[in-house]
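Chains H and S, in that order, give the protein sequences. Heads up, the first sequence is in the numbering used here, so the first residue is 1 and it goes up one at a time. Heads up, the second sequence is in the numbering used here, so the first residue is 1001 and it goes up one at a time.
Among the clues, some could well be false.
[Claimed, not checked] For lysine-lysine, the following DSSO-like pairs were computed, each having C-alpha atoms within a straight-line distance of at most 27 Å: (1) H/LYS30 x S/LYS1143; (2) H/LYS27 x S/LYS1146; (3) S/LYS1288 x H/LYS252; (4) H/LYS90 x S/LYS1258; (5) S/LYS1288 x H/LYS16.
[As the list claims (entries may be wrong)] Computed Cβ-Cβ distance ranges for the label pairs, DEER-style: (6) H/ALA126 x S/ASP1034: 51 to 61 Å; (7) S/TRP1029 x H/GLN360: 26 to 36 Å; (8) H/ASP171 x S/ILE1197: 36 to 46 Å; (9) H/GLY19 x S/ASP1034: 49 to 59 Å; (10) H/SER134 x S/ASP1323: 51 to 61 Å; (11) S/LYS1030 x H/PRO60: 54 to 64 Å; (12) S/LYS1177 x H/GLU249: 50 to 60 Å; (13) S/SER1134 x H/ARG168: 34 to 44 Å; (14) S/LEU1175 x H/LEU130: 30 to 40 Å; (15) S/LEU1319 x H/GLN360: 32 to 42 Å; (16) H/PHE92 x S/LYS1174: 31 to 41 Å; (17) H/THR180 x S/VAL1118: 24 to 34 Å; (18) H/LEU61 x S/LEU1107: 19 to 29 Å.
[As the list claims (entries may be wrong)] Here are some chain S residues the structure puts well away from chain H; computed CB gaps all over 10 Å: (19) SER1053; (20) LEU1107; (21) LYS1146; (22) VAL1172; (23) VAL1287; (24) ALA1302; (25) ASP1364; (26) VAL1467; (27) GLU1472.
Treat the hints as calculated values from the structure; they're not laboratory data. C-beta: ideal position from N, C-alpha, C; glycine also.
So the chains spell out like this:
Protein chains: 2
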Amino acid sequence: MTTEFVKQKPSTFMQKTKGVLGSLCGKIWKVGRDDPRRVIHALKVGFSVTAVSLLYLMEPLFKGVGENAIWAVMTVVVVLEFTAGATLCKGFNRGFGTMLAASLAFLFEFIAREYGKVFRAIFIGASIFLIGTSTTFLRFFPKVKKNYDYGVLVFLLTFNLITVSSYRVDDVMKLAKGRTYMIGIGSGICILMSLFIFPNWSGEDLHNHTVSKIEGLAKSIEACVTTYFCEEERDVERDEMISEDQIYENYKAVLDSKSTDETLAHHASWEPRYTWQCHKFPGQQYVKIGSVLRHFGYGVVALRGSLQTEIRTPRSVKLLFKDPCIHLASEVTKSLMELAYSIRNRQHCSPELLTEPLQQALQDLDVALKSQPRLFLGPNTAQNTPKMLAMLTSTARQKYEHHFSSINTESHTSINKKPKGGQDGAGKFLRPSLSKFAITSLEFSEALPIAAFVSLLVELVARLDLVIEEIEELGRVACFKEFKHGDDVILDVDRRKSTEINLTSFASVE
Amino acid sequence: MTTEFVKQKPSTFMQKTKGVLGSLCGKIWKVGRDDPRRVIHALKVGFSVTAVSLLYLMEPLFKGVGENAIWAVMTVVVVLEFTAGATLCKGFNRGFGTMLAASLAFLFEFIAREYGKVFRAIFIGASIFLIGTSTTFLRFFPKVKKNYDYGVLVFLLTFNLITVSSYRVDDVMKLAKGRTYMIGIGSGICILMSLFIFPNWSGEDLHNHTVSKIEGLAKSIEACVTTYFCEEERDVERDEMISEDQIYENYKAVLDSKSTDETLAHHASWEPRYTWQCHKFPGQQYVKIGSVLRHFGYGVVALRGSLQTEIRTPRSVKLLFKDPCIHLASEVTKSLMELAYSIRNRQHCSPELLTEPLQQALQDLDVALKSQPRLFLGPNTAQNTPKMLAMLTSTARQKYEHHFSSINTESHTSINKKPKGGQDGAGKFLRPSLSKFAITSLEFSEALPIAAFVSLLVELVARLDLVIEEIEELGRVACFKEFKHGDDVILDVDRRKSTEINLTSFASVE
Chain H
1 MTTEFVKQKP
11 STFMQKTKGV
21 LGSLCGKIWK
31 VGRDDPRRVI
41 HALKVGFSVT
51 AVSLLYLMEP
61 LFKGVGENAI
71 WAVMTVVVVL
81 EFTAGATLCK
91 GFNRGFGTML
101 AASLAFLFEF
111 IAREYGKVFR
121 AIFIGASIFL
131 IGTSTTFLRF
141 FPKVKKNYDY
151 GVLVFLLTFN
161 LITVSSYRVD
171 DVMKLAKGRT
181 YMIGIGSGIC
191 ILMSLFIFPN
201 WSGEDLHNHT
211 VSKIEGLAKS
221 IEACVTTYFC
231 EEERDVERDE
241 MISEDQIYEN
251 YKAVLDSKST
261 DETLAHHASW
271 EPRYTWQCHK
281 FPGQQYVKIG
291 SVLRHFGYGV
301 VALRGSLQTE
311 IRTPRSVKLL
321 FKDPCIHLAS
331 EVTKSLMELA
341 YSIRNRQHCS
351 PELLTEPLQQ
361 ALQDLDVALK
371 SQPRLFLGPN
381 TAQNTPKMLA
391 MLTSTARQKY
401 EHHFSSINTE
411 SHTSINKKPK
421 GGQDGAGKFL
431 RPSLSKFAIT
441 SLEFSEALPI
451 AAFVSLLVEL
461 VARLDLVIEE
471 IEELGRVACF
481 KEFKHGDDVI
491 LDVDRRKSTE
501 INLTSFASVE
Chain S
1001 MTTEFVKQKP
1011 STFMQKTKGV
1021 LGSLCGKIWK
1031 VGRDDPRRVI
1041 HALKVGFSVT
1051 AVSLLYLMEP
1061 LFKGVGENAI
1071 WAVMTVVVVL
1081 EFTAGATLCK
1091 GFNRGFGTML
1101 AASLAFLFEF
1111 IAREYGKVFR
1121 AIFIGASIFL
1131 IGTSTTFLRF
1141 FPKVKKNYDY
1151 GVLVFLLTFN
1161 LITVSSYRVD
1171 DVMKLAKGRT
1181 YMIGIGSGIC
1191 ILMSLFIFPN
1201 WSGEDLHNHT
1211 VSKIEGLAKS
1221 IEACVTTYFC
1231 EEERDVERDE
1241 MISEDQIYEN
1251 YKAVLDSKST
1261 DETLAHHASW
1271 EPRYTWQCHK
1281 FPGQQYVKIG
1291 SVLRHFGYGV
1301 VALRGSLQTE
1311 IRTPRSVKLL
1321 FKDPCIHLAS
1331 EVTKSLMELA
1341 YSIRNRQHCS
1351 PELLTEPLQQ
1361 ALQDLDVALK
1371 SQPRLFLGPN
1381 TAQNTPKMLA
1391 MLTSTARQKY
1401 EHHFSSINTE
1411 SHTSINKKPK
1421 GGQDGAGKFL
1431 RPSLSKFAIT
1441 SLEFSEALPI
1451 AAFVSLLVEL
1461 VARLDLVIEE
1471 IEELGRVACF
1481 KEFKHGDDVI
1491 LDVDRRKSTE
1501 INLTSFASVE
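Chain H on its own, in the form it takes in the complex:
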């Protein structure tokens, strides 16, 4: 028994160690495989730090630079970041903060030099208190916090170090000079490493992130609509779970993207990558697209919410609208995919191409709705739907513009001017015939969720228009390639015109 125990113990220990090591290796492998640039970046940092340490380790180099070499090491470790933009941003903050602090410290030193030692100590103490308090307060300003927080911290640190040291060291100037050279060498290595050797660009990351967000939304919508209409035909329960997870994961990435987008755009603004082309990198336009996509994403959340509503629409009613709804959703998906494709390849998308099949899908849905007028439609349906869509689009735009620019005080006026006559009469008219419609009312109760579903879907189309608009703007700002007519593409130029006409005709009605 004892021998067995002794035998067993090492083997279980070995097994456990193996298990832990195995899972650790798995994790390391996963982190590396998810983004191989991480491995390259780690090697770059290792190489840079070693290179800069040679200043200290190699005798001839050390004779040249001396103790100050430590500042080069510090600069490389602190400043070298994953992307070029982040490195430049941090480097600039550090450099500018240090320079400003040094200048100010020398100015104070110059003023205090004339006086006695006690006065100098008091003067230095007071200036440290003053600068310490004011710079800390400065860091609470939103703009400073967002862009220059690190720079202000470095400023305060350097100012204190120089002011305090200068009290004890006589030749501060020489010290400062030596350190500045070293910081310069460190910065040089950082710039070389981040810009020229396997560079990672924040702009590129932002670009790819935007593309994958659009694709994610497209997948979400498709999965939503498929789940809604096909859930009763499904046998396997697991499929639903996977699909639900997909929907959730895909739109969640969009909803939570705000801070990532803004950081990437901020870093991208430091990257000199495209400046030799016609433009600066349009980081802010990507941020705008991000916020339109979030706006769109909230619509997807609502659509997904209606999957869980408990008043189930009978299958027969669903079947009536299944094909047009799936068609519309697949057109929205296709449009999003095309938009993603056009951004990925940096070429303009054809707006006519995008809206034409969408309009067709809306028409189909309209026809389906008309075929069941008791469920949804008003009397003058033939003219209503395009108008309704034009209005939906324009209101969604107003709504968006209102919130993102807080101007636009006139656009809402038109809404309130709607004619109000004849409705009270209709209300009275309906009440007596209550019992007569007792059976038919069954259908309306169960049509309620599908009404919500359809209106959310149409709302998504209206929001899609905003997305298209911002992506077109991106194409303009970022000088995308011209749209090329593919072989599999049918172009209908008149279509766009007709939407404009609808908008105009509506305006004249108002």
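For this one, chain H is given, so just place chain S on it according to the hints.
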């Protein structure tokens, strides 16, 4: 003309300067007034930095500590943060990183000591490369990045500094000792300042942030419903703009709160504030509440979306549901406000108290819906609504639990088993009577948006249940005070029970 110009120039310059100064002062005043703790924190930093500088400036102190005093200054500037939790977190990261790096560096030094100078240089170079690469890679692990990013950076920095210096300096041990003392003094000042002199607590911030988010959502809902039902009665256009802005601002703060919540909770986990009471600060529970509130917030976004739908419901139809909807919304608002109040005062809320008037409001809405059966209701309405609500609540919970724990594979099965008979007949039955219902169908078309609005409102009630649940859990975890019966409070204990009965009865039906 010339004299006039000369006269005018200084005056405009003065005016401009005055204007710039004025706006600057205004900004400074605003930043300080928004949160007066900022001013206190700035003064605290100024004071600490000055105090620590005295080590350098005062002769007797300097004799004791020498050049190393600079490390105390550095520690104070870098570590002292706005809240106690952030300071402790950063301080721990810095301290632990430094200690670990020093130990490792001395180990390597111990190994390399035996050999010749050239071998030592190669050994140091290789170890720097190895540690540089591996720590940088380590920073890409999500858990490390979230909690220990700064510590790993400090580790790398310190390791390099010590390894490199030890090559040139003989008595590294003495150097390290001196610096450690200074870092200790710096840390001591930071701890004193952040924990004992006007401390700011991340936990407190998170707590207040959560309360204000709940209140913001309450205001949003109220504003939404008021805007929806009263917009045609309003005269002044500006009112709408303000109200729309309010809705937007209030729920926007909730939707974008994820990263703030997580940072605050992370810092709060470092605060020793409540540990002497029965519990650790339940930061993670606040994060959970934050995510439930965001889930609730998406519902408010959808509700607000229906304000802009272009198919306007006639005033007569709206009037039918105005009172019950406003009643329900005001009950939801009141519940949220009570929840906010209970969290603010750290006392349990009475769930019976919360659900009782809500149930009443739902009943009222139900009655209103029943009074217009042609618009919304199925035949067996009397039994349907409570069941529907119970199901809504349970599905919303399922949905939530599914996404936040990714378990729960069985709950959806019940939904698919719904009976499907008799519906195809109804579909056929309706078609021939198309022309007959031409006028009445007008009403259904215009009831579509109000159907969506009502169902979204009811969905919100279901989501409110999740919020209540998480807040009750918070009450348990954080040892809130017991709920006290106020004078203005009517308690109905049976109410809660009836909801449970509904849930059970529904389960037995399935």
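Indices of hints not satisfied (ascending): Going through the list in order, the structure violates hints 5, 6, 7, 19 and 24 and respects the others.
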